[in-house]
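Enquirer: Take a look at the letters that make up each chain.
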Amino acid sequence: MALDDRKRAFKVVGTRVPRPDGIDKVTGRALYGADMSAPGMLHGAILRSPHAHARIRAIDTSRAEALPGVKAVVTSADFCRAKHSFNQDALDHCMAREKALYDGHAVAAVAATSKSAARAALELIAVEYEVLPHVTEIEDALKPDAPVVQEDRRARNAPEGTHPNVTHVVSFGHGDLEAGFARADRVIERSFRTAATHQGYIEPHACLASVTPDGRGELWCCTQGHYYVRELCADFLGMDTSQLRVTASEIGGGFGGKTTVTIEPVALALSRKAGRPVKLVMSRDEVFRASGPTVSSWSDIKIGMTRDGRITAAQAMLRYQGGAFPCGTVELGAMSAFAAYDLEAVRADGINVMTNRPRQAAYRAPGAPMAIYAVESTVDELCQELGLDPLEVRLKNAARKGTKSAYGPTFDDIGLVATLEAAKAHPHYAAPLCPNQGRGLSCGFWFNFGGNTCVTLNLDADGTVGVTEGNPDIGGSRASISMMAAEELGIPYDKVRTIVADTASLGFNDVTDGSRVTFAVGLATIEAARDMIRKMCARVAKIWDIDEEAVIWEDGCARPAGPNAGDFEPMSIAEIAAIANKTGGPIAGHHEVNADGAGVSFGVHLVDVEVDPETGHTKILRYTVFQDAGKAVHPDYVEGQMQGGAVQGIGWALNEEYIYGEDGRLQNPGFLDYRIPVASDLPKIDTVILEIPNPGHPYGVRGVGETSIVPPLAALSNAVARAIGARLHELPMSPPRILQALKG
Amino acid sequence: MQFAAPRSASEAAALLQAEPGDARVLAGGSDLLVQMKSGALRPDLLVDIKRIPGLDAITAEDGGFRLGAAVPGARLGEHAGVRALWPGVVEAVELIGSTQVQGRATVAGNLCNASPAADAVPALVAADAVARVFGPRGERDCPVSDIPVGPGRNSLAKGEFVASILLPARPKRAADAYLRFIPRTEMDIAVASAGVSLVLDEDGRCTRARIALGAVGPKVLLAEEAAHCLIGTKLEDAALAAMAEACSALASPIDDKRGTVAFRKQVVGVLAKRAAKIAQDRAGGTK
Chain A
1 MALDDRKRAF KVVGTRVPRP DGIDKVTGRA LYGADMSAPG MLHGAILRSP HAHARIRAID
61 TSRAEALPGV KAVVTSADFC RAKHSFNQDA LDHCMAREKA LYDGHAVAAV AATSKSAARA
121 ALELIAVEYE VLPHVTEIED ALKPDAPVVQ EDRRARNAPE GTHPNVTHVV SFGHGDLEAG
181 FARADRVIER SFRTAATHQG YIEPHACLAS VTPDGRGELW CCTQGHYYVR ELCADFLGMD
241 TSQLRVTASE IGGGFGGKTT VTIEPVALAL SRKAGRPVKL VMSRDEVFRA SGPTVSSWSD
301 IKIGMTRDGR ITAAQAMLRY QGGAFPCGTV ELGAMSAFAA YDLEAVRADG INVMTNRPRQ
361 AAYRAPGAPM AIYAVESTVD ELCQELGLDP LEVRLKNAAR KGTKSAYGPT FDDIGLVATL
421 EAAKAHPHYA APLCPNQGRG LSCGFWFNFG GNTCVTLNLD ADGTVGVTEG NPDIGGSRAS
481 ISMMAAEELG IPYDKVRTIV ADTASLGFND VTDGSRVTFA VGLATIEAAR DMIRKMCARV
541 AKIWDIDEEA VIWEDGCARP AGPNAGDFEP MSIAEIAAIA NKTGGPIAGH HEVNADGAGV
601 SFGVHLVDVE VDPETGHTKI LRYTVFQDAG KAVHPDYVEG QMQGGAVQGI GWALNEEYIY
661 GEDGRLQNPG FLDYRIPVAS DLPKIDTVIL EIPNPGHPYG VRGVGETSIV PPLAALSNAV
721 ARAIGARLHE LPMSPPRILQ ALKG
Chain B
745 MQFAAPRSAS EAAALLQAEP GDARVLAGGS DLLVQMKSGA LRPDLLVDIK RIPGLDAITA
805 EDGGFRLGAA VPGARLGEHA GVRALWPGVV EAVELIGSTQ VQGRATVAGN LCNASPAADA
865 VPALVAADAV ARVFGPRGER DCPVSDIPVG PGRNSLAKGE FVASILLPAR PKRAADAYLR
925 FIPRTEMDIA VASAGVSLVL DEDGRCTRAR IALGAVGPKV LLAEEAAHCL IGTKLEDAAL
985 AAMAEACSAL ASPIDDKRGT VAFRKQVVGV LAKRAAKIAQ DRAGGTK
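So the sequence lines, in the order shown, correspond to chains A and B. According to the working numbering, the stretch in the first sequence is residues 1 to 744, in order. According to the working numbering, the stretch in the second sequence is residues 745 to 1031, in order.
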C-alpha cells in the first residue's frame, strides 16, 4: 500500500491527544497479567534447576502430590511433542525434558490451593540430577573440549570441524574486500564484547489459565502477541487453536521479551490436570534466570579508510550466544552491521553458539545494537586516528536512496542523510566541552516489519466508532490507531475507541514486534476506514437514489458530487449511523493484509559525558536523539520511544550485564545488582523527530520503537573514549573497567 | 512462626532468650522482611520492638542525641539538632534504600544487619557512637564498631538487642561527612564507602580525626593510621594523599559482582579524601 498521492493537511495525526490508558494506569485500575483471578483458582509455582547443566535422571512427585492442598504436579511428560524443532525449543525452555540446560530452567510445576502450599510442595519434589560440565561464555563454548549444550544442533551449512555448539552460520556482503583494503590509507582491526542484558520490563510474566474437562481453554496473560501464544500453547497441549482463547492483559513493558511463551503452557497444563483455573506469576528472580535476556557478543571488525574519510572496505565477524538453544539473532546482526554505509566492498559473517544460559528473547532491534556498536566504535577510532570529524565521515559514507545495502536490498527513500544533517546543525554538536568530558556520536538502524494484520471498524448507532485490533499496546498504539481512524473518517479523536481483541474475536495478527504496529495496524485501520466510508457512501446513495460514485466523503460527511453536487444536504456520520438499522443494517469496515513496505529507519545519537578520573564513574551530561519517524502520528509517543530506547541503551553501555559465577549460576538476578539506570542517572533526553515519508504507508509512517536502542552503545563508548583518552572494547563500561583503562 | 509485640524491653529480651529456634528482632523490617520473602530466612519468632516505650524517640543527652532503636531513618533528617550536630550520619542514613525505605528502616537495624556495605555504619563508627544493648542481664554500652563481626553476623548474645544508639556531643569546629561509591546515583548499595569525622582548632588545624571504611572488608574498618595522617595538618594535598593511601592499604576487599579488589582499594581512598574535605568545610576549616 503506497503513500497517498495527495498532499494532505492532517487534522488529528501529528497532534498530542490524551492517551486512552492514562487514567487507568495512573490510578492503578489497569488490569495487568497478575490482576486476573477466577473462582476456584489455584496458585502455581515452578521448581527450577539449581544446576547450569544436568541430566534429569528421575523426578519423583509423589510426596508433593500427597501434600494437602496440592491439586496437580506437571513435568515435561505432561506436554505433547511440538510440531517442529523451533516450537519444541520454545516448549523445552518452558519445561526441561532430558536435561536442565541452565540455572533456573524449569523442571516441574505444582498447583495448589494456596501460594504457601505450592511453595511447600516444590520442596517435596525429588529430582535426581546428573550434574554435567557447563559453559556460559562464547569463547569457552567454542573450545574443542567444551561441553556440548545440545547434541545434533550444529548448523547444517557449517564447515567440517565446526564445534557442535555452533547452530547458525551466516554471511552477507558484496564487492572485493582485498582490493578495498588495499585502497585504504589506514586499516584497523578491533575485537569487541558486549554482555547479555535483560529487557528489564517492570511487570513480571503472569497469567491465568483455565482448561475445562471438555477441552476448552481460556488464557489471560501479559504478552506482546496472544495469537502466537495461542499457536504455541495449542501445539504443546494438543488442542485445536479454536478451542483455546487467549486474551492479552495490559502489559507492563515487553521490549521484545514477551514475544514468546514462558509460563503460559505450564499454567494450562496445570489447569488441565487440576480441573481448576491456575494463576502463575514469576518472581523477579525467575524473570532474570528464565526469561529474556538478549544475546551476548564477541565480534571482530576490520575497516579501511582513506585519508579524507572514505571507507574503502569493511568486514565483520560476529559471534553471538543466545543461550542453550539455536538462535538466529546473529543473522539480524550481520545484516544490520553496516546498513548505515554506502560501501563498495563489505562482508559480515556471523555464528551463533549455544551456552548454558536461558533461551534469549528478542530485545528491541534484536541483534543490531551489539553489531553496530562494534562498527561505530571502529569508525570512530579511525576518525580519531585520521583527525577527521566523525559526523562528516558518516555523511561522506552515508547510505541513501539507491544505495545497495550491505545486506542486499537497494534502499528507497531513507532518512539517514537528513538525520545526520539535523545533528550537524543542532547546537548540541558545537557546544563546548570541559576537561574529562567527551562527545560521542553513533548511527543506528533497524529494518522494521509489517506482517499479518486484521482490523475491524464498527459504526455505533450514535455515530461513534469502535476499532477492534489484535496487537497488545506496548507503545501507544491504541492512541495512534484511533487517531488514524479519526483522520480517515473525518471525526474527532474522542469519537473513536480502539480495543485489543482476544484471539477468538478477530483474524490472525502477528506479534507486536519489529516496530510493526503503528505501521501495519495503522495501514489496515486506514484501509478498514476507507472500506467503511465506501459502505456509508453506498448507503447514502441509496437514500438519495443516486449513483454510488456520485457520493463522496469529506469532513466526516457524505456529500453529493459530480452532477448531483449541491442537490442534497450532506449527511454526517452520526446521521447515517442513526438510521443504519432501517437502511440496510449495521455498518462495519474491515481489512486484512500481510503488510509489506515497512520502511527502514535510521537514527543518530549525540551524547556528552563526564568521567570522574578518580573513580571511573560516567555521568551523562547531555543527550540528543535524532530519528526519522516517517510521519509521527502521536509525537509524544514517538519521543517516548526515542527516549526509552536511548535510556535502555545507556544502561547496556554503562552498567547492565548478566554475571555468571564459576558454578554457572546467575549472580545478579535482581534489580539491585542488575543495574538499569534510575531517573537521577539521566539528563532529559532531547529529541528531534525527522519526517521523511515512508513510501509504503498512506501517511508515510515508519516504525520508531527499535532504532533508538541501537546507537547508544557506541555513542557512549565513543564519548568515554574521547573523555578519558583511552578506548574500552567491552560493554558494560562499568567504573572498574574505566578505571582500569585509565591506568593503561 | 510466632510474632510478638512486647511492651517492655525486658519482656522483649525474655522472649528472645526463651525461643529455642531462630528468633529475630523486627524494627523497620526493611532487611528482615526482604530476607524472609526471598526464603533466605525462616525465623521461628519475630519480636517487634516498635511498641516498647521510648524506643521510638530521639532524645537530647549530654550535648548529644540518643536514637531509639525503632526510630525510622527519615526522622533523623527531620531533626534539626541531629542534622546540625552529625550531618555525616544523617547523610549516610539518607542514602539507605530509597525515600520509602527510609520511612521504615532504622539506624539500629542497619547496624545489627551487619552488612559490610551498610551506609549508616561507617558514619556511626566515625562518629564514635555507642550502642546501648539490652539483654536478659540488663543494659550494657558497646562501641558501634563492635556490633558487626562479619557479613550478616553481629556480636549480640542470645536474648540481646540494641535498644538505642548515642551520638555523642562534640566540640565546636567539628563536623563529619559520609560518601559512598555506587555506579548509579541512587537505589544502590555501596561498592566502597567512607565516613570521616574531624575536630579542628582555631587555626583550622586538625586535632582529632576518625575515619571508617565500608564495603572493603568483612566488617566496617576503623582507619586509625589514615586518621593520623591528618592530625596537625590543614588537610593539604600531601596530607590527604597520605591519608588516602593509608585507607587503600588498610582495605581488604573482595572481587565480586559489585566491584574488584583494585577498584575498591583505590576508590575507598578517594572517598575518604573527598569526605574529609567536606567535613573540613562543614567544620569551618576552609573559611
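Hints were generated in silico from the structure; no laboratory data involved. Hints may be right or wrong, so weigh each one.
[Unchecked claim] Straight-line alpha carbon distances no greater than 25 angstroms define the calculated SDA-like cross-link-like pairs of lysine to any residue that follow:
#1 A:25 / B:931
#2 A:619 / B:929
#3 B:1009 / A:613
#4 B:1001 / A:613
#5 A:115 / B:931
#6 A:684 / B:931
#7 A:25 / B:842
#8 A:619 / B:838
#9 A:25 / A:640
As the structure is a prediction and not an experimental result, all values here were calculated from the model.
Enquirer: With reference to the structure, classify each hint as holding or not holding.
Expert: Comparing the hints with the structure gives:
1. A:25 / B:931: Measuring from Cα to Cα gives roughly 24 angstroms; hence the hint holds.
2. A:619 / B:929: Given that 25 angstroms is the threshold and the Cα spacing comes to 9 angstroms, the pair holds.
3. B:1009 / A:613: holds (15 angstroms)
4. B:1001 / A:613: The hint holds at about 22 angstroms.
5. A:115 / B:931: violated (29 angstroms)
6. A:684 / B:931: holds (19 angstroms)
7. A:25 / B:842: Distance ~23 angstroms between residue 25 of chain A and residue 842 of chain B Cα, so the pair holds.
8. A:619 / B:838: Judged against 25 angstroms, a Cα distance of about 21 angstroms means the pair holds.
9. A:25 / A:640: holds (16 angstroms)
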